[in-house]
Structures are given as structure tokens and as C-alpha cells.
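**Q** Chain Z is already provided as a structure; the job is to place chain D on it using the hints.
Residue numbers (the working numbering), protein chains in the order written: chain Z, 13 to 323; chain D, 13 to 323.
One should not assume that every hint holds.
Said to hold, decoys possible - Keeping only pairs whose Cα atoms sit at most 20 Å apart, straight-line, the calculated DMTMM-like set for lysine to aspartate or glutamate is: (1) 238(Z) x 162(Z); (2) 272(D) x 301(Z); (3) 272(Z) x 301(D); (4) 238(D) x 269(D); (5) 222(D) x 276(D); (6) 272(D) x 162(Z); (7) 245(D) x 269(D); (8) 175(Z) x 163(Z); (9) 261(Z) x 151(Z); (10) 272(Z) x 269(D); (11) 222(Z) x 276(Z).
Claimed, not checked - Quick list of simulated restraints, FRET-style, between CB atoms: (12) 284(Z) x 270(D): 21 to 31 Å; (13) 77(Z) x 40(D): 31 to 41 Å; (14) 276(D) x 279(Z): 23 to 33 Å; (15) 216(D) x 281(Z): 31 to 41 Å; (16) 279(Z) x 270(D): 26 to 36 Å.
Unchecked claim - Partial list, computed: chain Z residues near chain D (C-beta under 7 Å): (17) 126; (18) 280; (19) 281; (20) 282; (21) 292; (22) 299; (23) 303; (24) 304; (25) 309; (26) 311.
For the record, the hints were derived by calculation from the structure and aren't laboratory data.
The beta-carbon is built from N, C-alpha and C at its ideal position, and this holds for glycine as well.
There are 2 protein chains.
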Amino acid sequence: MLKDECDKLAVVAQIVECIPNVSEGRRAEVVESIAAAIRQVPGARLLDYSSDASHNRSVFTLAGDMAAVKAAVLAMYECVIPAIDLRAHSGEHPRLGAVDVVPFVPIEGVTMAECVALAKDVAQEVAARFQVPVYLYEEAAANPARRNLEDIRRGEFEGLAAKMASEGWAPDYGPSAPHVSAGASVVGARMPLIAYNINLDTNRIDVARKIAAAIRHSSGGFRFVKAAGFELKDRGVVQVSMNLTNYEKTPIFRVFETVKREADRYGVSILESEIVGLVPAAALLACAEYYLQVSGFNANQVLENKLRGIG
Amino acid sequence: MLKDECDKLAVVAQIVECIPNVSEGRRAEVVESIAAAIRQVPGARLLDYSSDASHNRSVFTLAGDMAAVKAAVLAMYECVIPAIDLRAHSGEHPRLGAVDVVPFVPIEGVTMAECVALAKDVAQEVAARFQVPVYLYEEAAANPARRNLEDIRRGEFEGLAAKMASEGWAPDYGPSAPHVSAGASVVGARMPLIAYNINLDTNRIDVARKIAAAIRHSSGGFRFVKAAGFELKDRGVVQVSMNLTNYEKTPIFRVFETVKREADRYGVSILESEIVGLVPAAALLACAEYYLQVSGFNANQVLENKLRGIG
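For reference, chain Z alone in the conformation it holds in the complex:
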């Protein structure tokens, strides 16, 4: 007679995160008008936004279901296109367009495949409504040469017309030449990025750098780790600073344990770790499962998930 009302009644919450990067970080009134445009979309939540004057760039973080996030991104373009002219833009950060990069990230009740579909849908509509050419990247990329943002952005706005005319660089959507003032956009889907640092009980920067090299993908480490070693001079210790770009395939606990083993090889111990900014609950729950050697656990056993019909 065991019943499960929750499974029957569940309305699965759907959360897509979107982190548009816009090429304006100096004119506060423009940034505020973009924030206002996002906020007025029903169902879209502007979680955070910040600007960097030397980069001349702003990053917005918003979330909602697929329909709300799509509407918010289009509202953002409506605001950006007349307000930002890349011909008069300078800044330290590389950029291709007024709306430079638009990643969609699956958080809850939504698959990566659905985020890829959403990216393509938004890309098509951006191209049609604003005449802005769009490249798809990361998980949404049409081919492997287009996965990497850095490869797409190489040459920047100033080199874009020549690049678009060259072999293999026709955009995925929209006109085959740059928008005169807005350039092009890079739209795609990716896993949530976790900013994760581990502080070591030593002032030896060479140890932090060796460990960073051991664990990062670019020098032979884990597939979804970017890492560098830094000094925290005020504390007299060093840090292995990381971006974890796919916590399902390269989980936090495996990275932590590897750093711990590598540090041990130099006679160094871990002081502490820190998670910078937001982290999906699933990334931490996986750590609890690992260390407690939990078998047969499923996300629906987390009371809050069950109540919300997730998992």
C-alpha cells in the first residue's frame, strides 16, 4: 500500500541559467538599461550582474525556464543593438560582438540536449530579428573546430569581416558578413562552471604551479579542469586556482583527492578549499556520496528534491 503522491503530482521545476557577456563596462546607464530589460521579462530572474571598466565588459547571470530565459535574451538584444557600437569600443578583453557570448547552462529539470536546442532556437531568432550573424559553440557547436570560444573569437571584431569570408568560418545563422556595429555573437550550451580553489600550507609557488600542471587538461591532467598556481602574499601561502568545467565527468572530490596526493609528495598539506560563487547542489551531493561510500542513492531521496518533484 506504499503510495507516492509526489511522483504522481510532480510538476518538474525547470531551471536554465544564462550568462550573457556584453561589450560595455563603462557606461553605467547602458548597463542599467540592459539589467532593466532583463528584469521586466516575466519568469526571468536576474541573479547577478557586474561590470569591469578595463575589460569594458559586463556579465549578467539570469535564470528561469527555457521560455523565460529566451525572452530575456531577446529583450537584452533589443536594448544592446542600438546602444553599443563596437567600432567605438576598446577594452582589454577579447570580443567579437556587442552581445559577445551567450551560454545556456542546464541546472535542474532540463537536459543538455534541451539547452543545445534552446541555443539554436535563440541563435536563429537573433539572426532573423537583428541581422546579427551567430556562431554556435561548446556543446551546441556544429563541428569540433567551433567548440572552443577562443578559436571563434580569435581576430576579434576588427578581424571579423576577413575571418567570416575565409574557408570554414561562415556563421551558423544569419548574414555572412558582420553586423556593422554589433559584430557577431557566439551562442551555445555548456555545463555549469565551478570556480574552486585549494590553499596549501606552504609559501612555495613552485609547488602550487606543479600541482596545477599535474591536474589541468592542457598539460595532461583531467579533461574538465583548468588550473593555475598563485601566491596569496598577505597570508604567506599558495593557491591552486581552478575552473571545473564539467562536474559530472570530472567531479570535485577526484580533483581534491588528486591535489591532496600531489601536495603530499612535496610534504605539503591542504589548508582549506573554497568554492567561489555558485555551485549546483548535485556537485556537492556527489562528494557526500563518494566519501560516505553511499550505494544505491538517488536524488529523489533528498527531501527538498522530492518535495519539488525533482530527481
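**A** Same frame as chain Z, but now just chain D:
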């Protein structure tokens, strides 16, 4: 210019869990009518219910905000009082009343103090509307002698009239004699209980029993652990089976690490652990923080919490 829309807009979700134990586990039609009475209360979610014929008892698990959970409990009493007569009830499980025990459990956006107040509010209304005497227990108990459910229930329904007339056993609410058919109820507030088992790579039951004795409160172990050793005969291994009654004060990781150390003393290793049923997310997030040595983390960094304005 960092903004946090979420903090401004947050409407904190409130989740109280309630697990009424009712003295009927054989007549399916009565159990179903109770389930239906709970389900029809707006905002109340019946998460689970199960019956045991030999115990002649059913356990309902429901959740919602304080108002919804209160309304659901009162609706349950409306259904139970005319349907269950303890004078004709028998079963293996000790019981004092038709609605035997009603614990309220803080899950999210609600404090223990609020759950205690809710327990008293419901107790008062049950006494007034149904003339059922109510004892408060656990965190809601008026004095230490009334904390323990077993102490209150000793003597059962059959001994209740004599007990209520004796020194120190006047009920906290309602008449000073039992309800003729419904006895009395025990209403209170407690932390969520986590059913947690650790399986050991040995068939030596003495090892499981020694470890259980080492960690449980009753024989000198942790304050909020109940534990016993069992054989899993089909697998040829043994299990330390536990109830963790306050995961904030006696966290899962500390129990796990202690079992691991104790097992090691007998040359035995941990095969796996298992969480039976539901667990609050916070209990597992605390494990991730512990093992990853995370410093300065707060619940609002969990993306899902931030989106929902929790933490």
C-alpha cells in the same frame, strides 16, 4: 555595481514535515480515507504512507507550510476519531491513542522554535475540538520527564486512565481523562531522523555489535545516534544500522569516520553505506564541506537555494 536581485526578491520557502502515526493498519478503507482527508487540504503534500498489519498501525508523511500542515493534521483527526476505537484495537506496536504520535519537523525556512509553537497550537486545537488529551514530547516537551516518547507511552492505552490520574502525568492539553475511544495523543517537534546503515566487509556479528555499542548514545557514544548490529545473511556480511536523530549536532561524516576507525581496529573495512528513505540536503552538503575542507561556504552559494531564496 554588483547587484543581487535574488536577495531582494526572495520569498523564503517554508517546509514543515509531519509524520502522524495512526493506530490502524488492517482496514484499508480507513487508511485510504485518512489519506484522502490529508490530500484534500490545499498546500499539504502527502509524500508517503504505509501500513503494517501486525503492528496494526499506519505512518503518513506529509509536508507543506505551517498553516497547510496544521490544517491537514486537523482534517486527519476529523477522519480518525469516528473511525478508530482503541477498545477494539490490538497490534504489536505500543500505542496510546487512535492518532498516536504527531511529530513536526523543520526542513526549510522554519526554525525548531516555530515547530514547537506549531506543535502547541495543534495540541491545543486537538484538545478543544476533539476532547482528546495531548502530551507534548521531544523539543516541545514541557519538562525533561516528558521528552521521551517511550516514557509517555509506557502502560499504553489500556493503562492510560490510571497513568493520567497519577502524580506528574496530567496531560499538557485537554481533559484529564482519556478519550473513551481515541485515548490520548503525543504531539511534538523533533529534528529530521536519518536512517543510515554501514555495511562491513566481514560476517562477524560481534564486530557490528561492538561498533554499534561504541557509537550509540545509550552506551556512551554520540548524543544523537541510536545503533544496533545486524547480520545480512544473504550477503554474508554484517551491518551497523543507525538512526541519526540530529544531523546538525551529530553529523553523518563524524559517525561514518568513527565507524571506519572502529572497524579498522578489528581489521575490517567498510563495504558501503546506505541512506534509507529521505534525507535533508543540508545533512549531505555538510559532508561535502567537511571532506573537501571547504571554508567560508554558505548555503546561498548552492545555486538551487539562491534561486529559491533559501539560505
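**Q** Would you check whether residue 282(Z) satisfies its interface hint, that is, whether its CB is within less than 7 Å of any CB in chain D?
**A** Status holds, d = 6 Å.
**Q** At a threshold of 7 Å, is the proposed contact between residue 281(Z) and chain D supported by beta-carbon distances?
**A** 10 Å, violated
**Q** Between the beta carbons of residue 284(Z) and residue 270(D), is the distance compatible with 21 to 31 Å?
**A** Check passed, 23 Å falls within 21 to 31 Å.
**Q** Let me know if the C-beta of residue 280(Z) comes in closer than 7 Å to any C-beta of chain D, holds or violated.
**A** Nearest chain D Cβ about 14 Å off; hint violated.
**Q** For a C-alpha distance cap of 20 Å, please report whether residue 222(Z) and residue 276(Z) respect it.
**A** 12 Å, holds
**Q** Going straight from one Cα to the other, do residue 222(D) and residue 276(D) come out at no more than 20 Å?
**A** At roughly 12 Å apart (the allowed maximum being 20 Å), residue 276(D) and residue 222(D) satisfy the hint.
**Q** Quick one: are residue 279(Z) and residue 270(D) within 26 to 36 Å, going by C-beta?
**A** 28 Å, holds
**Q** Hint validation: residue 292(Z) versus chain D, beta carbon distance must be below 7 Å. Holds or violated?
**A** Check passed: Cβ of residue 292(Z) comes within 5 Å of chain D, closer than 7 Å.
**Q** When you check the alpha-carbon spacing of residue 261(Z) and residue 151(Z), does it fall within 20 Å?
**A** Holds - the C-alpha atoms of residue 151(Z) and residue 261(Z) are around 14 Å apart, at most 20 Å.
**Q** Need the status of pair residue 272(Z), residue 301(D): alpha-carbon distance at most 20 Å?
**A** 15 Å, holds
**Q** Is 31 to 41 Å respected by the C-beta to C-beta distance linking residue 77(Z) and residue 40(D)?
**A** 40 Å, holds
**Q** Under the criterion of a CB-CB separation shorter than 7 Å, is residue 304(Z) in contact with chain D as hinted?
**A** 5 Å, holds
Hints 6, 7, 17, 18, 19, 26 from the list above are not met by this structure, while the remaining hints are.
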